[in-house]
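So the chains spell out like this:
There are 2 protein chains.
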Amino acid sequence: MSSTLAVDLMGGDHGPKVTLPACVQFLQEHPEGRVILVGQPEVVSPLLESHRLKDHPRVEFVPASEVVTSDDPVEIALRRKRDSSMRRAIELVRDGRAQACVSAGNTGALMALARYLLKTLLDIERPAIATYLPNQKGKGTLMLDLGANVDCEPLHLLQFAVMGTAYAATAGQAQPTVGLLNIGEEVIKGNDTIKRAAELLREADALGRLRFHGNVEGDDIFKGTTDIVVCDGFVGNVALKTSEGLAQMLSGMIREEFTRTPLSKLMALVALPVLKRFRRRVDHRRYNGAALLGLRGLVVKSHGSADAFGFEQALLRAHEAVQGDVVRHTERILEAMHESSPQGTESAPAS
Amino acid sequence: MSSTLAVDLMGGDHGPKVTLPACVQFLQEHPEGRVILVGQPEVVSPLLESHRLKDHPRVEFVPASEVVTSDDPVEIALRRKRDSSMRRAIELVRDGRAQACVSAGNTGALMALARYLLKTLLDIERPAIATYLPNQKGKGTLMLDLGANVDCEPLHLLQFAVMGTAYAATAGQAQPTVGLLNIGEEVIKGNDTIKRAAELLREADALGRLRFHGNVEGDDIFKGTTDIVVCDGFVGNVALKTSEGLAQMLSGMIREEFTRTPLSKLMALVALPVLKRFRRRVDHRRYNGAALLGLRGLVVKSHGSADAFGFEQALLRAHEAVQGDVVRHTERILEAMHESSPQGTESAPAS
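As you go down the protein sequences, you meet chains A and B in turn.
The opening position of the first sequence corresponds to residue 437 in my numbering, with each subsequent residue numbered one higher.
The opening position of the second sequence corresponds to residue 437 in my numbering, with each subsequent residue numbered one higher.
Don't take every hint at face value.
No distinction is drawn between identical chains; accordingly, a pair holds when it is met within one copy or between any pair of copies.
Each computed DSS-like pair below joins lysine-lysine, with the alpha-carbon atoms no more than 30 Å apart [to be verified]: (1) 573 with 659; (2) 631 with 659; (3) 659 with 701; (4) 701 with 712; (5) 631 with 517; (6) 517 with 453; (7) 573 with 712; (8) 490 with 517; (9) 712 with 659; (10) 575 with 701; (11) 453 with 712.
Keep in mind that the hints were calculated from the coordinates and are not lab data.
From just these sequences and the hints, can you work out the full model?
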């Protein structure tokens with residue numbers, strides 16, 4: 437199945453210098469992939485020439501005169517910069533010209549624009565941000581929400597589980613298990629939101645909508661106890677950032693120890709092949725690409741500082757999700773839930 | 437300054453087999469330290485003999501007939517097992533016979549008993565659990581709460597900052613900086629609780645009660661951006677467990693890579709001194725010992741699975757905090773805050 441990705445060339449710390457080479461690589465490796473490149477003509481045109489994309493049969497160019505910067509408030513992106521590359525790229529998805537949009541721009545603006553232009557799916561109150569984290573089993577744990585929703589109701593957590601289930605299926609996990617992030621059994625056992633969310637998840641499991649494993653704790657994310665871990669956006673964002681910080685500290689310390697003395701440098705040289713293989717296994721760039729889920733169209737957010745390899749991974753995520761028809765798949769589960777529940781899932785109290 | 441620690445010998449996965457040797461080591465290294473050992477006589481007596489602690493001038497033994505197990509619900513620990521080693525050890529602090537209690541037992545039971553027997557300090561509504569995590573600066577970041585309080589009001593977060601400030605001072609950080617854990621600026625900027633907590637912290641800073649740095653994110657914990665990181669117990673527990681899980685996964689992967697082939701095993705042998713030094717730097721046992729803060733007496737909780745080296749670190753934490761007079765120091769800040777605020781800090785809405 438072919439896919440057409442709308443790519444916001446201007447987003448991220450590096451803009452077209454990174455996003456364009458990533459597209460070239462993607463097109464080479466995926467003959468079924470097409471891209472619509474969106475950006476400022478004066479910046480992008482010379483690069484299109486030099487990368488020989490001008491007359492590429494699977495490349496289209498759509499001009500946009502403005503760029504949403506990383507400090508632009510949501511309001512600017514929504515109301516002022518109406519011809520931004522980010523907005524134009526999402527509009528291509530809305531208009532059915534592309535099946536997914538990929539951007540390395542400002543997360544808040546991207547989420548707001550995506551929500552405004554694409555709208556949410558049936559009964560979905562809040563879209564969520566989902567990403568894969570590496571785990572001991574080598575498959576990756578899908579975690580959501582990572583920061584779109586600070587305070588969540590039980591229904592939202594259930595909906596995240598549904599979105600995650602549909603998304604994970606596009607990455608080859610046909611019947612993924614869902615874990616609800618909670619805290620240690622030793623201490624107070626979670627709060628009311630978590631308890632009620634667990635009930636909703638058990639019901640959905642009994643109806644065959646998803647596979648609920650039960651509560652999990654922070655360490656289960658990296659153990660890979662479940663394929664999906666669901667939590668509110670505050671907790672998810674803290675867990676993600678904490679992990680990034682720890683990984684950085686540890687790799688810094690390994691580097692320090694191996695460069696401390698001439699002898700340890702020699703040891704590093706000897707151990708280099710092993711260290712390299714280790715680094716490749718935990719390379720965070722391989723996990724780049726967070727999906728904005730729950731919308732009537734797919735948007736994938738790349739890390740702002742991603743390099744071409746990292747941005748290409750985000751393109752791949754989008755490509756895979758399009759091939760797995762993630763939006764339609766999510767819709768199907770939501771429709772089934774809506775019908776099986778007497779009042780539909782929208783009956784829950786608004787937050 | 438001398439210290440007397442009441443030690444619950446029976447707590448944890450290993451009981452006296454681990455806790456007793458740790459006490460022996462502690463006594464040897466700290467001639468100013470005294471311990472009151474609490475445990476079941478039939479189990480402990482032979483070990484006291486074999487470790488030559490029977491007539492040790494700085495050792496006292498207090499019998500207790502019961503043990504709080506790791507699965508005992510809080511109610512059992514509070515109402516049924518009235519002669520447990522955990523309870524007796526805390527009572528020694530309450531009665532002024534010891535200045536701190538150290539236990540590797542069930543966290544929920546320990547917190548409930550400590551709260552019930554010792555009571556909270558002036559204006560403190562919720563005690564908190566605090567521990568040090570390693571950071572890039574090599575000093576350690578004090579983080580609290582780690583799971584005692586699932587839902588926190590802004591006032592609680594302020595109080596955690598006060599408790600943390602007093603506790604960190606006992607570890608040699610005279611004027612520690614406080615960071616309030618929040619999520620990325622890109623996304624929605626925190627919730628109302630965090631915003632109001634930040635206001636309270638700014639006020640306390642202006643009055644010279646503590647040093648408020650501002651908001652921090654998950655990665656700042658390991659960067660060591662601030663000496664103290666304050667958050668609610670749900671978030672803190674998830675961040676802690678997530679870090680533990682990631683550290684385990686990474687060390688497992690390093691081990692795997694270095695034992696994959698005979699050649700990589702040889703490389704590991706060459707690199708061993710460096711790998712050992714690295715492991716020592718990140719050895720989680722060195723950070724064992726979480727303090728229960730906000731009470732009219734100090735209680736230190738050791739990890740249940742700690743070995744003798746780990747348990748000794750928990751004893752050291754308690755010893756240091758006693759020498760720094762942490763309870764009195766916390767009280768002084770609270771009294772100053774109580775007086776400077778027209779209604780005292782207890783004026784905030786109850787949760």
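How the hints compare with the structure:
1. Taking identical chains as interchangeable, the C-alpha atoms of residue 573 and residue 659 lie at most 30 Å apart whether they share a chain (7 Å) or sit on different chains (28 Å).
2. Taking the shortest alpha-carbon separations for residue 631 and residue 659, only the intra-copy value of 23 Å comes in at or below 30 Å, while the best inter-copy value is 34 Å.
3. Taking the closest pair of Cα atoms, residue 659 and residue 701 come within 30 Å of each other only across two copies (25 Å); inside a single copy the shortest separation is 32 Å, beyond that limit.
4. For the identical chains of this complex, residue 701 and residue 712 are neighbours both inside a copy (15 Å) and across copies (15 Å), given an alpha-carbon limit of 30 Å.
5. Only between protomers do residue 631 and residue 517 lie at most 30 Å apart by alpha-carbon distance; the minimum there is 29 Å, versus 43 Å within a single protomer.
6. Taking CA atoms no more than 30 Å apart as the test, residue 517 paired with residue 453 passes inside one copy only; the shortest distance there is 22 Å, against 68 Å between copies.
7. Taking CA atoms no more than 30 Å apart as the test, residue 573 paired with residue 712 passes in both settings, with 20 Å inside one copy and 26 Å between copies.
8. For a Cα distance limit of 30 Å, the shortest separation of residue 490 from residue 517 inside one copy, 27 Å, qualifies, whereas the shortest one across copies, 79 Å, does not.
9. For the identical chains of this complex, residue 712 and residue 659 are neighbours both inside a copy (22 Å) and across copies (24 Å), given an alpha-carbon limit of 30 Å.
10. In this assembly of identical chains, the alpha carbons of residue 575 and residue 701 lie at most 30 Å apart only when taken from different copies (26 Å versus 33 Å within one copy).
11. Taking the shortest alpha-carbon separations for residue 453 and residue 712, only the intra-copy value of 26 Å comes in at or below 30 Å, while the best inter-copy value is 42 Å.
In summary, the structure agrees with every hint in the numbered list given earlier.
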